[in-house]
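**Student:** Sequence:
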Amino acid sequence: MRIATWNVNSLNARLPRVEEWLDYARPDVLCMQETKLADAAFPTMAFSALGYESASHGDGRWNGVAIASRVGLDDVTRGLGGPADDQGARLVAATCGGVRVHSVYVPNGREVASEHYEAKLAWYAELLAYLERTYKPTDNVAVCGDFNVAPEDRDVWDPAAMVGSTHVTAPERASLRALEDWGLVDSFRLVRSEDQLFTWWDYRAGNFHKHMGLRIDLVMLSRPLADHVTYALVDRNARKGKQPSDHAPVLIDIDV
DNA sequence: ATGGTTGCGAAGCAA
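Quick note on this note's numbering: the first sequence kicks off at 2 and runs consecutively.
Just so you know, these hints were derived from the structure itself, not from any lab.
Errors might be hidden in some of the hints.
Between beta-carbon pairs, the in silico distance windows are [as the list claims (entries may be wrong)]:
#	residue 1	residue 2	range
1	ARG62	ARG193	19 to 25 Å
2	GLU119	THR139	15 to 21 Å
3	GLU153	ARG111	36 to 42 Å
4	ALA171	ARG193	31 to 37 Å
5	PRO17	ARG134	38 to 44 Å
6	ALA114	ASP75	40 to 46 Å
7	HIS117	LYS137	28 to 34 Å
8	ARG134	ALA206	41 to 47 Å
List of simulated lysine to aspartate or glutamate pairs, DMTMM-like, C-alpha gap at most 20 Å [said to hold, decoys possible]:
#	residue 1	residue 2
9	LYS137	GLU181
10	LYS137	ASP196
11	LYS243	GLU181
12	LYS137	ASP203
13	LYS241	ASP203
14	LYS137	ASP60
15	LYS211	ASP247
16	LYS243	GLU20
17	LYS241	GLU21
18	LYS243	GLU21
19	LYS243	ASP24
20	LYS137	ASP76
21	LYS211	ASP196
22	LYS211	ASP159
23	LYS241	ASP24
24	LYS211	ASP236
25	LYS137	GLU153
26	LYS211	GLU127
Everything numeric in this text was worked out from a predicted model, so none of it was measured.
Note that beta-carbon positions come from the ideal geometry of N, C-alpha and C, so glycine has one too.
Start from the sequences, fold in the hints, and give me the full structure.
**Tutor:** This is how it looks when you write it as structure tokens:
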């Protein structure tokens, strides 16, 4: 199975790029974030024309997540089922090719110690509780998306410049580690150990070309899936050219 | 350098 995740930063603005990317990367499953579309506006036909079923969870202007699959898409659920769902449409799940797939868009947090930062940590806590009550770590579970946390300093363009900023604080990294302690694996790192492999670059100031970015988009896999990862890639080409998202897609191959 | 850019929607907010 080839599974991918991509924060598209408006599916309406990005649909041509997404169609082009599906055409050549041919993932079995693509998780998208920041679709910024209500479910009624989701371009279902554009995906079906390429052979993909799709599921969307969005309420319009901000946030919004979706899954496209060409290996089946069943038993769609939306949200965490708790108070953190007040923070917007940030999770959609479906069963695709024998894997329980989740597309997640973790809150940004804005400023450390702000109410938004505290809400981000609460969202993580509810995600963990959701996993604990819904699955066993031995199930085929994939949680893919924009986690808005760089797991380690090697995932940051300049760790010294980022000290005290969101995305790298100890509580945020501990939230991610708690998911790992439950049983999810940052699959990219199973096959890519190099420093400075980023998935997001600020639009401003030419940060992409200056290699000033963060690795915050992850494919987290339960152990039964992680044990069969064969390949991983950040497709930087998708961050280039005309009207790119500020995120690049991450692609993982699993021999299942 | 408290800058810079993009998307949405039509001014300012979020990222």
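**Student:** Please go over all the hints and tell whether each is borne out by the structure.
**Tutor:** These are the hints, each one checked on the structure:
no., hint, result
1, ARG62 x ARG193: 19 to 25 Å, "violated (35 Å)"
2, GLU119 x THR139: 15 to 21 Å, "violated (33 Å)"
3, GLU153 x ARG111: 36 to 42 Å, "violated (22 Å)"
4, ALA171 x ARG193: 31 to 37 Å, "violated (24 Å)"
5, PRO17 x ARG134: 38 to 44 Å, "holds (40 Å)"
6, ALA114 x ASP75: 40 to 46 Å, "holds (42 Å)"
7, HIS117 x LYS137: 28 to 34 Å, "holds (33 Å)"
8, ARG134 x ALA206: 41 to 47 Å, "holds (44 Å)"
9, LYS137 x GLU181, "holds (13 Å)"
10, LYS137 x ASP196, "violated (32 Å)"
11, LYS243 x GLU181, "violated (36 Å)"
12, LYS137 x ASP203, "violated (37 Å)"
13, LYS241 x ASP203, "holds (13 Å)"
14, LYS137 x ASP60, "violated (30 Å)"
15, LYS211 x ASP247, "holds (14 Å)"
16, LYS243 x GLU20, "holds (14 Å)"
17, LYS241 x GLU21, "holds (13 Å)"
18, LYS243 x GLU21, "holds (12 Å)"
19, LYS243 x ASP24, "holds (17 Å)"
20, LYS137 x ASP76, "holds (18 Å)"
21, LYS211 x ASP196, "holds (15 Å)"
22, LYS211 x ASP159, "holds (12 Å)"
23, LYS241 x ASP24, "holds (17 Å)"
24, LYS211 x ASP236, "holds (17 Å)"
25, LYS137 x GLU153, "violated (26 Å)"
26, LYS211 x GLU127, "violated (36 Å)"
In summary, the structure is inconsistent with hints 1, 2, 3, 4, 10, 11, 12, 14, 25 and 26 from the numbered list given earlier, while agreeing with the others.
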